[in-house]
Amino acid sequence: MTIRLGVIADDFTGATDIAGFLVSNGLSAVQVNGVPEGPLPQADAIVVSLKSRSIPADEAVSMSLAALDALRAAGAERILFKYCSTFDSTPAGNIGPVTDALMAALGADLTVICPSLPVNGRTVYQGHLFVGDVLLSESGMRNHPVTPMTDPNLVRVMEAQSSGRAGVVPFAVIQQGPDATRAALARLAEDGVRYAVLDTLTDVDLTTIGAATVDLPLTTGGSGLGAGVARALATGTDGVQSAPWQPVEGRTVVLSGSCSVMTNAQVAAYRADAPALSVDVDRLVADPDAYRAEVLAWVLAQPAEPAPLVYATAGPDEVSRLQEAHGAAEVSEAVEALFGWLARELSAAGVRRFVVAGGETSGSVTTALGVDGFHVGPQIAPGVPWVRSLDDRTELALKSGNFGDVDFFTRAQA
1 MTIRLGVIAD
11 DFTGATDIAG
21 FLVSNGLSAV
31 QVNGVPEGPL
41 PQADAIVVSL
51 KSRSIPADEA
61 VSMSLAALDA
71 LRAAGAERIL
81 FKYCSTFDST
91 PAGNIGPVTD
101 ALMAALGADL
111 TVICPSLPVN
121 GRTVYQGHLF
131 VGDVLLSESG
141 MRNHPVTPMT
151 DPNLVRVMEA
161 QSSGRAGVVP
171 FAVIQQGPDA
181 TRAALARLAE
191 DGVRYAVLDT
201 LTDVDLTTIG
211 AATVDLPLTT
221 GGSGLGAGVA
231 RALATGTDGV
241 QSAPWQPVEG
251 RTVVLSGSCS
261 VMTNAQVAAY
271 RADAPALSVD
281 VDRLVADPDA
291 YRAEVLAWVL
301 AQPAEPAPLV
311 YATAGPDEVS
321 RLQEAHGAAE
331 VSEAVEALFG
341 WLARELSAAG
351 VRRFVVAGGE
361 TSGSVTTALG
371 VDGFHVGPQI
381 APGVPWVRSL
391 DDRTELALKS
401 GNFGDVDFFT
411 RAQA
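Counting from 1, one number per residue, gives the positions in the sequence shown under UniProt numbering.
Across the chosen pairs, the derived CB separations fall in these ranges:
hint, residue 1, residue 2, range
1, Trp298, Gly132, 29 to 39 Å
2, Ala297, Arg165, 51 to 61 Å
3, Ala186, Thr2, 19 to 29 Å
4, Gln126, Ala160, 15 to 25 Å
5, Ala269, Gly107, 45 to 55 Å
6, Gly350, Ser163, 45 to 55 Å
7, Arg321, Gly107, 47 to 57 Å
8, Ser62, Val134, 34 to 44 Å
9, Val119, Gln175, 17 to 27 Å
Read the hints as simulated data drawn from the structure, not as lab findings. Since this is a predicted model, take the numbers as computed values, not measurements. Cβ coordinates follow ideal geometry from the N, Cα and C atoms, glycine included.
Taking the hints into account, I'd like the entire structure generated from these sequences.
Right, dumping it as structure tokens:
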């Protein structure tokens, strides 16, 4: 089977996000975790999930190029670099440096910037990224502890972290269809523009963009772009699985490390009806071994239903206090190490299903569990499918911070 699309995703939840959209739009997809070694599974699309969003830019570039080499060696016909629909990055990177490196490796003179996911309220108009009805800079992302987004203008944001010029293909052009969009891209390339920011307001726009960009060697964007490209590539399958998804047997545990606005609301809603333990970061930093053991004992002492929740989710004020007290990197490393260790111990104790909130947390959990790839199942919410390890032992729902409705944790278990 030809690999029609190779996806390089900069975090684990982003990888499952786009894999779910590929499957629901007509392509078979397998997700592999980390730079693949050896033969790749057979599928229309292979999604390589990296943990490269918040690491030093040179490391992200090296990791992404290694993933590109593996996908090209396996025969991938086109490449999509997937990042978050809120364009999580800083002037230091990593979206710009990785995009530049992939363009150079593929000999691409122009690529597109398309983070939009209208079904989840992420849209672009006149080159500005919106979350719902507010600009990105006015959303909860302005307080992100790692990549605070204070500028909604994707032209400025992209140019600040890359080596070329950016331009916009406006909504009025996108509305005219694939041919007009392709022509606009060609004009930008002739003018020396390297990054074309695509206005996108509706799901129909994504279909147009997918058709207009499907033959580019490299596209970049969110899972919405993946859906549009999948529609352009689909071979007539409807993306519906031949048999219902049957959950694995065993206990479920919910782990939440995201501090997004939506995850805060989801945690608040869930803990009203389920056993929940807030991570005491001060104690964790002071005596990690003793505190980890205490958390593990608490989880195992809870009833199986509803699944117990362990969360480090907190509001901006508490996040700031902890970072000032212990250091931002130290807090993040301690929390992610806790969740990874906890997942490994819980798996050994018979837990088979993990609902995980947060990209960094999802990466820590899957790495600790030794999961090297997934079969992609049905979506719980747009951008969040159930996935099952290739050995059929473990199921996970890996949720980006702002995805899902308030009742997500309960719906995932249903």
